[in-house]
Amino acid sequence: MQDFIELSALNKVYPASGSGPVGGIRDINVSLPAGTFFTLLGPSGCGKTTTLRCIAGLEMPDSGRIRIGDQVMFDGKSGSVVSANNRKIGMVFQSYAIWPHMSVFENVAFPLRVAKGQSFSKNDIEVAVKKALATVNLENYGDRPATKLSGGQQQRVALARAIVREPRVLLLDEPLSNLDASLRDEMRNELRRLQQRIGITTIYVTHDQTEALEMSDTIAVMHAGEIQQIAGPREIYFDPATQFIAGFVGSNNWIETMVQGGAQDALSVSLQDGTQLTGRAREPIAPGTKVRLSVRPERIRIAPGGQQPNNGNQISGVVRQSDFVGQMIRFSVEAAGAMLSVYAENGSVIGVGDNVTVSFETADTLVFAN
Amino acid sequence: MNAGLTIEGYTFAHYISLISGSDLAQTSITSILFSVGATIVSLLFGGILAWIVVRTDAPFKALAFLTTIISLGTPYILYVTGWLYLLGRSGPVNMAWRWATGSNDVVFQVNSLAGMILVEGFLWSPLVFLLLSAVFRAANAEMEEAARMSGASIVETIWYISLRLAAPAVAALALFVFIRNLEAFEVPALIGIPGNVDVLTTEIYHSVKRMPPNIGFASAYSVVMILCIAVLLHFYSRISAKAEKYASITGKGYRPRPFRLGSYRWVGGAIVLFNFLIVLLLPLSAILWMALTPFVQPMRFSALSNLTVENFENILSQPYYRELALNTVIVAASVATIAMVITLFVGWTVARRKPAAKLSEQLVTMPLVFPGLVLGIAMLQIALKSPIPIYGTLWIIILGFVIRYIPYGMRYTFAGVLQIHPELEQAALVSGANTFQKIFRIVAPLLAPALASGWIFVFLIATKEMSMPLLLAGPGSQTIPVAMFDLWSSGQSGEVAALGLLWAMVMTVLSSAFYFLTRRASSNTFG
Numbered sequence: 213m214q215d216f217i218e219l220s221a222l223n224k225v226y227p228a229s230g231s232g233p234v235g236g237i238r239d240i241n242v243s244l245p246a247g248t249f250f251t252l253l254g255p256s257g258c259g260k261t262t263t264l265r266c267i268a269g270l271e272m273p274d275s276g277r278i279r280i281g282d283q284v285m286f287d288g289k290s291g292s293v294v295s296a297n298n299r300k301i302g303m304v305f306q307s308y309a310i311w312p313h314m315s316v317f318e319n320v321a322f323p324l325r326v327a328k329g330q331s332f333s334k335n336d337i338e339v340a341v342k343k344a345l346a347t348v349n350l351e352n353y354g355d356r357p358a359t360k361l362s363g364g365q366q367q368r369v370a371l372a373r374a375i376v377r378e379p380r381v382l383l384l385d386e387p388l389s390n391l392d393a394s395l396r397d398e399m400r401n402e403l404r405r406l407q408q409r410i411g412i413t414t415i416y417v418t419h420d421q422t423e424a425l426e427m428s429d430t431i432a433v434m435h436a437g438e439i440q441q442i443a444g445p446r447e448i449y450f451d452p453a454t455q456f457i458a459g460f461v462g463s464n465n466w467i468e469t470m471v472q473g474g475a476q477d478a479l480s481v482s483l484q485d486g487t488q489l490t491g492r493a494r495e496p497i498a499p500g501t502k503v504r505l506s507v508r509p510e511r512i513r514i515a516p517g518g519q520q521p522n523n524g525n526q527i528s529g530v531v532r533q534s535d536f537v538g539q540m541i542r543f544s545v546e547a548a549g550a551m552l553s554v555y556a557e558n559g560s561v562i563g564v565g566d567n568v569t570v571s572f573e574t575a576d577t578l579v580f581a582n
Numbered sequence: 002m003n004a005g006l007t008i009e010g011y012t013f014a015h016y017i018s019l020i021s022g023s024d025l026a027q028t029s030i031t032s033i034l035f036s037v038g039a040t041i042v043s044l045l046f047g048g049i050l051a052w053i054v055v056r057t058d059a060p061f062k063a064l065a066f067l068t069t070i071i072s073l074g075t076p077y078i079l080y081v082t083g084w085l086y087l088l089g090r091s092g093p094v095n096m097a098w099r100w101a102t103g104s105n106d107v108v109f110q111v112n113s114l115a116g117m118i119l120v121e122g123f124l125w126s127p128l129v130f131l132l133l134s135a136v137f138r139a140a141n142a143e144m145e146e147a148a149r150m151s152g153a154s155i156v157e158t159i160w161y162i163s164l165r166l167a168a169p170a171v172a173a174l175a176l177f178v179f180i181r182n183l184e185a186f187e188v189p190a191l192i193g194i195p196g197n198v199d200v201l202t203t204e205i206y207h208s209v210k211r212m213p214p215n216i217g218f219a220s221a222y223s224v225v226m227i228l229c230i231a232v233l234l235h236f237y238s239r240i241s242a243k244a245e246k247y248a249s250i251t252g253k254g255y256r257p258r259p260f261r262l263g264s265y266r267w268v269g270g271a272i273v274l275f276n277f278l279i280v281l282l283l284p285l286s287a288i289l290w291m292a293l294t295p296f297v298q299p300m301r302f303s304a305l306s307n308l309t310v311e312n313f314e315n316i317l318s319q320p321y322y323r324e325l326a327l328n329t330v331i332v333a334a335s336v337a338t339i340a341m342v343i344t345l346f347v348g349w350t351v352a353r354r355k356p357a358a359k360l361s362e363q364l365v366t367m368p369l370v371f372p373g374l375v376l377g378i379a380m381l382q383i384a385l386k387s388p389i390p391i392y393g394t395l396w397i398i399i400l401g402f403v404i405r406y407i408p409y410g411m412r413y414t415f416a417g418v419l420q421i422h423p424e425l426e427q428a429a430l431v432s433g434a435n436t437f438q439k440i441f442r443i444v445a446p447l448l449a450p451a452l453a454s455g456w457i458f459v460f461l462i463a464t465k466e467m468s469m470p471l472l473l474a475g476p477g478s479q480t481i482p483v484a485m486f487d488l489w490s491s492g493q494s495g496e497v498a499a500l501g502l503l504w505a506m507v508m509t510v511l512s513s514a515f516y517f518l519t520r521r522a523s524s525n526t527f528g
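Those protein sequences? They're chains A and B, same order as listed.
For any residue, its number in the working numbering is found by taking its place in the first sequence, counting from 1, and adding 212.
For any residue, its number in the working numbering is found by taking its place in the second sequence, counting from 1, and adding 1.
Isolated chain B (complex conformation) (with noise of 0.2 Å):
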């Protein structure tokens, strides 16, 4: 300890030795690895995909959508699950090569930066189809129209109009994407940990779990964290700022009709079902399997006749699942319910530009720069000096979601705001409402469709997040992600399956009115 750089109790020391370790740039470059190759993954995937549906005649159109309703739906742990399954020693990839060569080995290492870098890229491109099918479904006609009319060829069209415009926007979603892949905790938990690829998340985990836990070191390495996203962050709002700036300039008037494929229709399909089978048919498939097998096994013809449900009813009778899911539902329904009253407020303020506008949305934004899991680590903290005995209670889970997911809230009014147009509140001011009740009675029943929006969507968001639970959850305060997690540490993966697909079942039934619910306000989300 050197004791020259204490003040007071606190010290420097951590710091110091993070960064003489040489741990650290190994950890952040992996990090860095690991979330540019997920970036460009989930863009590939998700990006081609939304192109082809929102700009093409292409076919199966539905799938493409269906894939990103269930997969809003689905827990992380459940999807990695799946995929571990699929990608394993023992699993269908692995054994189709050894029955093709005849070797012993494996083609790929699941537990690996490369396995890591394709699952984090697959569990993100439905959010990255759902995101850019809204920027390329907000092309100009006139825009493109002008460049045909100036001589461009299709081709030409495309590359020097269309793609440059929705550059800024694609741009802006990268790095959205980039900032939430460095903060993954899933994926890098559940496949690195395994093959020994730790990245800054796993880091911080691991220096909180291990007997005595050192938090000084997990604090140091989150402030590292939270500077370089803060760094980042800042970026992204150039970035969206210009985007949403030819949003503005060519967002008026009407939208292209579909490039008509012709005899390549049926590559547009084939590209549409190959993603469906690689995104979400596939894993589901596996995850099916191993909810309906009493123990892990390959999947041959022969173990067919070992089919079972009993791992469902072993879920389904006791009542300790149910209790899981009523607590997940409480906190996920609290959590909504708090973050988007907040935001309506805030959402207002900052959107009319009312006095404290500035300073609310900075304090609004600020929990972006927390990874979950940072954010957890600093409730822990809190809980534990807490006068109040909320240690261990869904209370400190509800407080911790509340701040984390209030910046999500707060794009869906904001977004909402904007679109009431100010003539309406003035009516109202002249017609003698005073603020609370113009914001009652005017604001709130027009922006319930993007209240609703954002309510439904915190709400998903909030059922499947594991990492902040994982940490904070006490025995009776355990939600349906970290009993997943649980179940899988101790090699459960049947029951692991079964509950989730059950649980993904009743919350696709949410994910697609949250779906439709937005396509008919048409409000914009993210970037």
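Isolated chain A (complex conformation) (with noise of 0.2 Å):
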């Protein structure tokens, strides 16, 4: 079903502080087609945690109306709300929150047990259990108490206790942060393969943008309690709609400019030392502003000494820096007064000191008013 999932025009506002989740929302706006794999990606405090934890129920909107199915769990005009354990939503916390006093098992069974207005018997319970346990790679582990897992397995017991029930949606809390990097790296791979597999439509919290970007249909990038751009993970990368979403997701550089002319897509600007330069910018923006252009590492190409013969734009500079760090070399050149970062193949044998020349094509820039 087209917009499955509907959010609209949820606000949420804490009073002074205490324990638990801080950030407000303002005004979020968000519509999902089943089957989706949704992040909320943003840094702490952005609302990706309270956003989330209102779809489940366990925090309050002030206003607005979130929809699941055809079934309206919170209307803020009619007052109308679904208590949290009737949402049939299934959640994977960021703690795990595996019971320490019960084996996987009973962990798993749990739902099952407390499911209001369906009984299941003994029978259905073990097939259940065992069928959840089983996608998430942990059959022989029924009997195992819960404080004899690693933190990789008790975050799959989650996941199975999680599906358990079959829920029609999906929700995550940053389930792979608490886990070390190779970990994080397989366990992103499955949840992503499980996810597919299942079909089940899915909401992911994450404040990484590898995970973000590797995982998801969709990403809704937040800041500050607004939603600032919701689009797939190319648009994302290469179309970020605002300076925020460009830092924040991959590396970027920065040159300060001002405009001179021209149209949006063919924006010319130049530099301090009057270097002109042309870019692109996601709407138009008037001569004489100050601006600034952007361009990411690995989009810019470095070649030693004086003019390359192609008409993109073209600045020398100087290597101040050079990393190897294995599939690339990074480069900080010292550029139109700025350090740019630069990404080479690793063969490159140009070296610190050396008089270079960067160029990039205007497609790849973006630029953005100040």
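Source of the hints: derived by calculation from the structure; they are not laboratory data.
Don't be surprised by glycine CBs; every beta carbon is placed ideally from N, CA and C.
Capping the alpha-carbon separation at 20 Å, the derived lysine to aspartate or glutamate pairs in DMTMM-like fashion look like this:
no., chain 1, residue 1, chain 2, residue 2
1, A, Lys360, B, Glu245
2, A, Lys328, A, Glu378
3, A, Lys328, B, Glu145
4, A, Lys328, B, Glu157
5, A, Lys300, B, Glu145
6, A, Lys342, A, Glu402
7, A, Lys300, B, Glu157
Residues of chain A placed beyond 12 Å of chain B at every Cβ, according to the derived structure:
no., residue
8, Thr248
9, Ser290
10, Asn349
11, Ile410
12, Glu426
13, Ala478
14, Ala498
15, Gly559
16, Asn567
With the hints as a guide, dock the two chains, each given alone in a separate frame, to form the complex.
Here is the structure:
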């Protein structure tokens, strides 16, 4: 169903501090088709966890509407609200919240034991739990006490518990942040494949943009309580709507320039020393405006010496630092009054102190007014 | 005397007569019944109150904390005296019964096992409240939210998750309170003896106080008690370890929001008020009444004209009481200081797992197996045989108290050191400090809140202790509780009440300081 999940004009303001989630949210509007992997991405305090908890029913918005399928979970105007335990949503918490006094089997079976309006026989429960554990590759762990699980195993048990009742929606609150790096890579992969396999609509919260880019169908980048952009990973990466997103997702270089003129997709800007560059912007910008031109390190070409025989943007500079990081070399080039970060192929023979020309295409730039 | 069981002057005869007499079985059963009953009463009162105060939005919460603070500074004997009056033959409860039913009898005989259980239960419920509210406060919101998201109702969440998670900590506390009830002396002595209800501690006391004292018999009883308590302590440490494991698993994370009681808020408020009434207000009023009347009389409006402050005047004018107060303060302050200094080093040694940690820990926790009375007898023996003349002086009392209260100080320093990240000490070492400099300049200042809390706590319980000084005090080394016991024994309840009230007021200032200190330092106490 198109627009399977709909958040309309959600607002929540937090009074003075206490423990628990911080950060209010303002005018959140989201519309999701069924089966999608949707990520709320942003730094801490941006409101992504608050939004997730409003969908879960663990927080009460001040106003707005939350609809899942044909059920309205929250409506600020009419005051109707479905309590958290009746929303039939699976949720994985950041700390996994595996109950230490129960075995793995009992943890996963719990939703079936307390299910309202449906009664599961002992056999039903066993079958469902085994199926859920198999989905997360923990088939033989049923009898293990929950206190004897590693971090990664706890996370899988949390996942199994969340999907055992085959809910329509799965919520995940930064589930990978407590794992070490190698486990995180592995689980990122597994989570995405699992989601695609069972086709469940998933809402994922993270501050890690690698996770967001790799796993999501759609990303909403949030900052200071507001959604700044909702788009697919490529659009977020190549066409960020704001300076914040351009800096937050991936690495970016920033060059201070002034607009000379031109249309928004071929904006003429000039550096302090007079060098002309051509950039593109998301909207027209008047001449004389101070702007920042962004270009990603991997889109900049670096070559020794003088001019290049093409018409793209070119700036001369001097290499100040060279770091070999294995799959590439990171250069820091002093050019255009800034330190530009340039990724070059790892066989490059350019060294520190060399005079170089860095060049990049207009299509690879984005200009933002300050 | 069985000569065959004598080895070089030592004999098993006492144990034989102890075991073969039917008294041991009877007394033990009474002790157990008393302890179980009192534990249940204090868990009910303190536990339900703790849940309501910590987990709901019920009103009047301040009253619960007020009760705790005041009872921390109140000598047990004062509290018991209040209840004896309230429930006694001519006390308000029985008077109201007689007035209502016209009978000449009593509805409740306070000098009975039931009376003992009730009063001991009330005596302990403030501490149970304090410790259980720490347990409930440590609940992890995500554990409960996960249950809600899994479909559980609020009641199911509390039953299957919250209570089960708290169970080991509650069980450890229950066991701890049970052990302390077994060792209790004030209630069995003041309430039980007049009603001929004997428990193990009063039996021991009888043996020592008769003429001639039967120390051998008392010691045999004591050994039996110690063995039982040692076994119980073993179970206590196992349950405690499990509780600590749960606490560390669920410890990180934020605290749940209070349950909104909605229209049931008045029920919560009523429970808080009821508790305040029963545990504090009623006994305090009784004590105040006794202090303000020239001789013990029933509560009647007609007696209001007799109110007088002469009891207070008597107490305040006699230098004897000032000397007592001074003795008590000197003893308590010395004990607290010595105990905290020792436990600073031992607590650090055990927490950092230095060599001899295990042995130190065993040594320092061992005094827990000795009931205060038993320790007193042991100290008595030592004092009598000691070459240095400490018998009858304050020193023997101080020594006994230090031994008794070191385990309590340990809990504060041990928990406190654990909260100091080892890297803070390693940084000191790398910067060139030796171990002593490190402990005095880094560990001790960081430990200051825990040390202060421990000091005040030991000070407060040392001022309340009656059983040991009762045995050890000489004419010049009496403490306040001992003096109160003497006054009580000679029927001067007015003076007992006045002295106790004045003393409790002063101690309450200290216990308030303790309470606010521990709230801020948020260090773990027992269980």
